[in-house]
Amino acid sequence: MFNRFQFLFQTNISRESQMRAAINQKLIEMGERERLKELLRAKLIECGWRDQLKALCKEVIKEKGIENVTVEDLVAGVTPKGRALVPDSVKKELLQRIRAFLAQHST
Amino acid sequence: MKMEDMSLSGLDNTKLEALAHDVYSDLVEDACLGLCFEVHRAVKQGYFFLDETDQESMKDFEIVDQPGVDIFGQVYNQWKNKECVCPNCSRSIAASRFAPHLEKCLGMGRNSSRIANRRIASSNNTSKSESDQEDNDDINDNDWSYGSEKKAKKRKSEKNPNSPRRSKSLKHKNGELSSNVNPDLYKYNYSSGISYETLGPEDLRSILTTQCGVVSEHTKKMCTRSQRCPQHTDEQRRAVRVFLLGPSASMLPDSETMLENDGYDAPDGQLIMSRLQWDGSSDISPSDSASSKASTNNSESKRPKKKKNPSTLTLTTTGGGGERDKGQERERVVGSGSGSSSSQNALGLSSRKKRPKLPVPPGPSIYDDLN
Numbered sequence: 001m002f003n004r005f006q007f008l009f010q011t012n013i014s015r016e017s018q019m020r021a022a023i024n025q026k027l028i029e030m031g032e033r034e035r036l037k038e039l040l041r042a043k044l045i046e047c048g049w050r051d052q053l054k055a056l057c058k059e060v061i062k063e064k065g066i067e068n069v070t071v072e073d074l075v076a077g078v079t080p081k082g083r084a085l086v087p088d089s090v091k092k093e094l095l096q097r098i099r100a101f102l103a104q105h106s107t
Numbered sequence: 001m002k003m004e005d006m007s008l009s010g011l012d013n014t015k016l017e018a019l020a021h022d023v024y025s026d027l028v029e030d031a032c033l034g035l036c037f038e039v040h041r042a043v044k045q046g047y048f049f050l051d052e053t054d055q056e057s058m059k060d061f062e063i064v065d066q067p068g069v070d071i072f073g074q075v076y077n078q079w080k081n082k083e084c085v086c087p088n089c090s091r092s093i094a095a096s097r098f099a100p101h102l103e104k105c106l107g108m109g110r111n112s113s114r115i116a117n118r119r120i121a122s123s124n125n126t127s128k129s130e131s132d133q134e135d136n137d138d139i140n141d142n143d144w145s146y147g148s149e150k151k152a153k154k155r156k157s158e159k160n161p162n163s164p165r166r167s168k169s170l171k172h173k174n175g176e177l178s179s180n181v182n183p184d185l186y187k188y189n190y191s192s193g194i195s196y197e198t199l200g201p202e203d204l205r206s207i208l209t210t211q212c213g214v215v216s217e218h219t220k221k222m223c224t225r226s227q228r229c230p231q232h233t234d235e236q237r238r239a240v241r242v243f244l245l246g247p248s249a250s251m252l253p254d255s256e257t258m259l260e261n262d263g264y265d266a267p268d269g270q271l272i273m274s275r276l277q278w279d280g281s282s283d284i285s286p287s288d289s290a291s292s293k294a295s296t297n298n299s300e301s302k303r304p305k306k307k308k309n310p311s312t313l314t315l316t317t318t319g320g321g322g323e324r325d326k327g328q329e330r331e332r333v334v335g336s337g338s339g340s341s342s343s344q345n346a347l348g349l350s351s352r353k354k355r356p357k358l359p360v361p362p363g364p365s366i367y368d369d370l371n
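Top line first, the protein sequences correspond to chains A and B. So the first sequence is residues 1 to 107, counted in full-length UniProt numbering. So the second sequence is residues 1 to 371, counted in full-length UniProt numbering.
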């Protein structure tokens, strides 16, 4: 019985991850991921998110010094705030598009 | 348990939602990473901080966000309300209209000569349709000195029918104004010449007294240039007048022919002549002193112009007396010519061209005598 649960659990997980992989692959193959990426980029520039993050980067640089700053420093310093700073409207629109894609192609 | 039921389509909504969120997070993280790489490269290459200077300069050029002001801090219609005083006519003009006004006022712009010519032509041809003799003088006077609004406005509305733009509406307006005038003007603007066939004797006379009028052989149109136009000789002009108006009415401003035509008016003419000599010498219209200090030609041209108008008006009202007035007008011109400049024929011709404008004070008194 234990084995059976384990077996079910594992198959569920593997099914799920299988499905995820399949969907991601579809996203890429159909070019939808690129389109979504471009859409997100345009929206973020429009709403000023990019400039906000650049200002954050400036602060990190001034803190660490121009000579010594690395990509990791910047990423670690900026990405969490970046995720939080995305406006709700942009987030909603993107989620909507992704859901639509999933609904269309998850069979 | 039914593991076979587990298929892709069987995933419930929460899982789908989680999946969507994951995809979204991946995308946002890609965007952040992209930005970090860009910034890092800019820093290492040295162009990241190029748009910054010292703090003071940064404060100077900061973006302004106040109402009524643009982002540089400038007010939009700051110069709209300001008024300037024209040095020429001493009127107060709105700032945005100052340059075009000065152009017209000094008579030096591209269009100012054209407009002046058009005004002269319109005042010649539409003076018959104007109200009274007194008003005529007022109109002419105000026209030049930009004095009263109502007459000036009437002038402006008369000016419009002349422009080629309104040539279409001119055709429809035939009933309103004197019908001879409108097609005349239309032809004037449109084809740079006038056909003498369609004009009545009064129109012909009015045209011939101000314009060269020589009929071109190939176009059959009258020359619209001045009485001194270099393309035609005086002989040609005389011939045209004989041809169009009859031999008794050849009316070039020679002293002999004019006095011949108007024998029974000699006593009146002399009276007027003497009066007008006084006028010619001492008379300066109020506008002359104000306008065009550079050229006295303008003043001369305006003065004779006023003289013409009242006479052409009486032309229509009294048929028989029309001729008489014309003759007296000529005498008057000679009087003014000799009074103001010299008594040469050429100048007589030029004064004929510039005849239509007269200063106000002597005007009514002369016509009181006539009437």
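Please note that the accuracy of each hint is not assured.
Said to hold, decoys possible - Computed Cβ-Cβ distance ranges for the label pairs, DEER-style:
#	chain 1	residue 1	chain 2	residue 2	range
1	A	Ile45	B	Ala94	54 to 62 Å
2	B	Asp65	A	Gly31	22 to 30 Å
3	A	Ser89	B	Cys86	56 to 64 Å
4	B	Phe61	A	Ile66	30 to 38 Å
5	A	Arg83	B	Thr53	27 to 35 Å
Said to hold, decoys possible - EDC-like, lysine to aspartate or glutamate: derived pairs with alpha carbons at most 16 Å apart:
#	chain 1	residue 1	chain 2	residue 2
6	B	Lys44	A	Asp88
7	A	Lys54	B	Asp22
8	A	Lys54	B	Asp51
9	A	Lys58	B	Glu52
10	A	Lys92	B	Glu17
11	B	Lys220	B	Glu197
12	A	Lys91	B	Asp26
13	A	Lys91	A	Glu38
14	A	Lys43	A	Glu93
15	A	Lys58	B	Asp51
16	A	Lys81	B	Asp30
17	A	Lys37	B	Asp26
18	A	Lys92	B	Glu38
19	A	Lys54	B	Glu38
20	A	Lys81	A	Glu59
21	A	Lys37	B	Asp51
22	A	Lys43	B	Asp30
23	A	Lys91	B	Asp30
24	A	Lys62	B	Glu52
25	A	Lys58	B	Glu17
26	A	Lys43	A	Asp88
27	A	Lys92	B	Asp22
These aren't lab readings, by the way, just hints derived from the structure by calculation. Here the structure is a predicted model, which is why all the values come from computation and not from measurement. Just so you know, even glycine gets a beta-carbon here, dropped at the ideal spot from N, CA and C.
Is the Cα-Cα distance between lysine 54 (chain A) and aspartate 51 (chain B) 16 Å or less? Holds, at roughly 13 Å.
Taking 16 Å as the top limit, are the C-alpha atoms of lysine 92 (chain A) and aspartate 22 (chain B) close enough? 14 Å, holds
Given the hint that lysine 54 (chain A) pairs with glutamate 38 (chain B), does the C-alpha gap stay at or below 16 Å? Measuring from Cα to Cα gives roughly 10 Å; hence the hint holds.
Given hint aspartate 88 (chain A) paired with lysine 44 (chain B) - CA-CA distance at most 16 Å: 34 Å, violated
Against the 16 Å threshold, does the CA-CA distance of lysine 81 (chain A) and aspartate 30 (chain B) hold or violate the hint? 14 Å, holds
Straight-line alpha-carbon gap lysine 92 (chain A) to glutamate 38 (chain B), limit 16 Å: Roughly 27 Å separates the two Cα atoms, so the pair is violated.
Hey, lysine 43 (chain A) versus glutamate 93 (chain A), does the alpha-carbon distance stay inside 16 Å? 10 Å, holds
Starting from the range 56 to 64 Å, see whether the pair serine 89 (chain A) and cysteine 86 (chain B) falls in it by beta-carbon distance. About 57 Å separates the Cβ atoms of serine 89 (chain A) and cysteine 86 (chain B), which means 56 to 64 Å holds.
Between lysine 91 (chain A) and glutamate 38 (chain A), does the CA-CA distance stay at or below 16 Å? At roughly 14 Å apart (the allowed maximum being 16 Å), glutamate 38 (chain A) and lysine 91 (chain A) satisfy the hint.
Hey, lysine 91 (chain A) versus aspartate 26 (chain B), does the alpha-carbon distance stay inside 16 Å? 12 Å, holds
Could you grab the alpha-carbon distance between lysine 37 (chain A) and aspartate 26 (chain B) and see if it respects the 16 Å cut-off? 10 Å, holds
Do the alpha carbons of lysine 81 (chain A) and glutamate 59 (chain A) lie within 16 Å of each other, as the hint requires? With a Cα-Cα distance of about 13 Å, the restraint between lysine 81 (chain A) and glutamate 59 (chain A) holds, given a limit of 16 Å.
In this structure, the earlier hints numbered 1, 2, 4, 6, 7, 18, 21, 25 are contradicted, and the remaining ones agree with it.
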